[in-house]
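Engineer: Chains as they are written, first to last, in our numbering: chain A, 84 to 267; chain B, 84 to 267.
Some hints could be false.
As the list claims (entries may be wrong) - Below are the EDC-like pairs computed for lysine to aspartate or glutamate, each with C-alpha atoms no more than 20 Å apart in a straight line:
| id | chain 1 | residue 1 | chain 2 | residue 2 |
| --- | --- | --- | --- | --- |
| 1 | A | Lys248 | A | Glu198 |
| 2 | B | Lys145 | A | Glu151 |
| 3 | A | Lys121 | A | Glu161 |
| 4 | A | Lys129 | B | Asp231 |
| 5 | B | Lys113 | A | Asp223 |
| 6 | B | Lys248 | A | Asp216 |
| 7 | A | Lys121 | B | Glu240 |
| 8 | A | Lys204 | B | Glu110 |
| 9 | A | Lys113 | B | Asp216 |
| 10 | B | Lys145 | A | Glu198 |
| 11 | B | Lys121 | A | Asp231 |
| 12 | A | Lys113 | B | Asp214 |
| 13 | B | Lys143 | B | Glu110 |
The hints are simulated quantities; they were obtained by calculation from the structure and are not laboratory data. Values in this document were obtained by computation on a predicted structure and should not be read as measured data.
Chain residues, written in single-letter form:
There are 2 protein chains.
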Amino acid sequence: MAMATINNGVNVQALLDAREALKGSPEAAKFTWRASCKWQSGTYSKANVHGFFGLGQEQKHKTETSFEADHPEVFASEDRGVTPVEYVLVGLASCLTAGVAAVAQNRGIQLRSVESTLEGKMDIRGILGVDSDVRNGYDDIKVTFKIDADAPKKDIEALVAQSQKRSAVYDIITNPTNVTVAVV
Amino acid sequence: MAMATINNGVNVQALLDAREALKGSPEAAKFTWRASCKWQSGTYSKANVHGFFGLGQEQKHKTETSFEADHPEVFASEDRGVTPVEYVLVGLASCLTAGVAAVAQNRGIQLRSVESTLEGKMDIRGILGVDSDVRNGYDDIKVTFKIDADAPKKDIEALVAQSQKRSAVYDIITNPTNVTVAVV
Numbered sequence: 084m085a086m087a088t089i090n091n092g093v094n095v096q097a098l099l100d101a102r103e104a105l106k107g108s109p110e111a112a113k114f115t116w117r118a119s120c121k122w123q124s125g126t127y128s129k130a131n132v133h134g135f136f137g138l139g140q141e142q143k144h145k146t147e148t149s150f151e152a153d154h155p156e157v158f159a160s161e162d163r164g165v166t167p168v169e170y171v172l173v174g175l176a177s178c179l180t181a182g183v184a185a186v187a188q189n190r191g192i193q194l195r196s197v198e199s200t201l202e203g204k205m206d207i208r209g210i211l212g213v214d215s216d217v218r219n220g221y222d223d224i225k226v227t228f229k230i231d232a233d234a235p236k237k238d239i240e241a242l243v244a245q246s247q248k249r250s251a252v253y254d255i256i257t258n259p260t261n262v263t264v265a266v267v
Numbered sequence: 084m085a086m087a088t089i090n091n092g093v094n095v096q097a098l099l100d101a102r103e104a105l106k107g108s109p110e111a112a113k114f115t116w117r118a119s120c121k122w123q124s125g126t127y128s129k130a131n132v133h134g135f136f137g138l139g140q141e142q143k144h145k146t147e148t149s150f151e152a153d154h155p156e157v158f159a160s161e162d163r164g165v166t167p168v169e170y171v172l173v174g175l176a177s178c179l180t181a182g183v184a185a186v187a188q189n190r191g192i193q194l195r196s197v198e199s200t201l202e203g204k205m206d207i208r209g210i211l212g213v214d215s216d217v218r219n220g221y222d223d224i225k226v227t228f229k230i231d232a233d234a235p236k237k238d239i240e241a242l243v244a245q246s247q248k249r250s251a252v253y254d255i256i257t258n259p260t261n262v263t264v265a266v267v
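If we strip away everything but chain A, and leave its shape as in the complex, we get (with noise of 0.2 Å):
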């Protein structure tokens, strides 16, 4: 494989010698994502990202980040954000896009142009509380990927199965994760 004339972007080596240095420290590999939220009115909210912590220490993205939530129309409220549901779906959707960037540059795979499509279904009677037996979150979900790259299909979907297979946001959603809420 011609590797030096691959680049989907990604500093493969950089995350190959992090793995290495990270088997002998443990305690650098702990991170701790963080958001913030306040309420505005009615459904609607404002959240916000700015720090972490990782590798030992507190750390920043270049920029802090707004995101507006609500419920649409259609709930009575007045649509001015998207639905918290639908951020679930822009994370899953964004963790196996650079999922799939990393894995073809380390399998020397040249990217062209990857798209996917999610649909998750849901029944809003969980939420409303019209009947318990159905559950509050999504029924079910489906990604759809278009990958054109310099590769055979077979090649292509051993990507985006790898990508799922090493998918923090695929984790959490397709695995239980503990939740605690507590008010101060």
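We have chain A; now place chain B onto it with these hints.
Structural biologist: Chain B in isolation, oriented as in the chain A frame:
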């Protein structure tokens, strides 16, 4: 309770009416939320949210919203957006916050402010493939609410508990959700 004087900006009557209406027409309760995503370069991607399906027909948010995601510089990336796992925290924060406002309205509790901070702990040896016993996703998420409202602390705690009970994103994270990934 002086219900008429309580205004958190949530149209609870419309939600109660919707609950009644959906008892007789479960098909209308079937929603599909969507996002699309395009890889940009490296671990950087842009996701869009606009249309969704519900109440038996195609719907659209008032505006299309675009979200940028990337990995930070400590992951040898360029930090052109927040990380995918931080989007999950944004979704959880906004879902629980909207729930607190809706439940408070229904219970006749005037909110003055609702703030939350979220922390998700993650051992990045999982996503880097250092140790197969380390999971990719969050080990644990902690949500801390600070709420100023016209109610005793136990009633405020009960608001938060009820919001958790009806939260779509809390359910998605704490329980397993099926995700299928296809390549076309």
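Engineer: All hints, please: hold or fail.
Structural biologist: Against the structure, the hints come out as follows:
Simply put, Lys248 of chain A and Glu198 of chain A have alpha-carbon atoms about 19 Å apart, close enough for the 20 Å limit, and the pair holds. With a C-alpha separation of about 13 Å, the suggested pairing of Lys145 of chain B with Glu151 of chain A holds against the 20 Å cut-off. Proximity of Lys121 of chain A to Glu161 of chain A is assessed by CA-CA distance (about 17 Å); at most 20 Å being required, the pair is judged to hold. Distance check on the hinted pair: Lys129 of chain A and Asp231 of chain B sit about 17 Å apart at the alpha-carbon level, within 20 Å; holds.
About 12 Å separates the Cα atoms of Lys113 of chain B and Asp223 of chain A, which keeps this hinted pair within 20 Å; it holds. Proposed proximity of Lys248 of chain B and Asp216 of chain A is supported: the alpha carbons are some 13 Å apart, at most 20 Å. Of the pairs offered as hints, the one joining Lys121 of chain A and Glu240 of chain B holds, with about 17 Å between alpha carbons and a cut-off of 20 Å not exceeded. Proximity of Lys204 of chain A to Glu110 of chain B is assessed by CA-CA distance (about 12 Å); at most 20 Å being required, the pair is judged to hold.
A distance of roughly 14 Å separates the Cα atoms of Lys113 of chain A and Asp216 of chain B; the hinted pair therefore holds under the 20 Å criterion. Between the alpha carbons of Lys145 of chain B and Glu198 of chain A the distance comes to roughly 24 Å, so the proposed pair goes past 20 Å and is violated. As the CA atoms of Lys121 of chain B and Asp231 of chain A are separated by approximately 12 Å, the hinted pair is consistent with the 20 Å bound. For the hint pairing Lys113 of chain A with Asp214 of chain B, the CA-to-CA distance comes to about 13 Å; that is within 20 Å, so the pair holds.
Taken as a hint, the Lys143 of chain B and Glu110 of chain B pair is honoured in the structure, with Cα atoms around 19 Å apart against an allowance of 20 Å.
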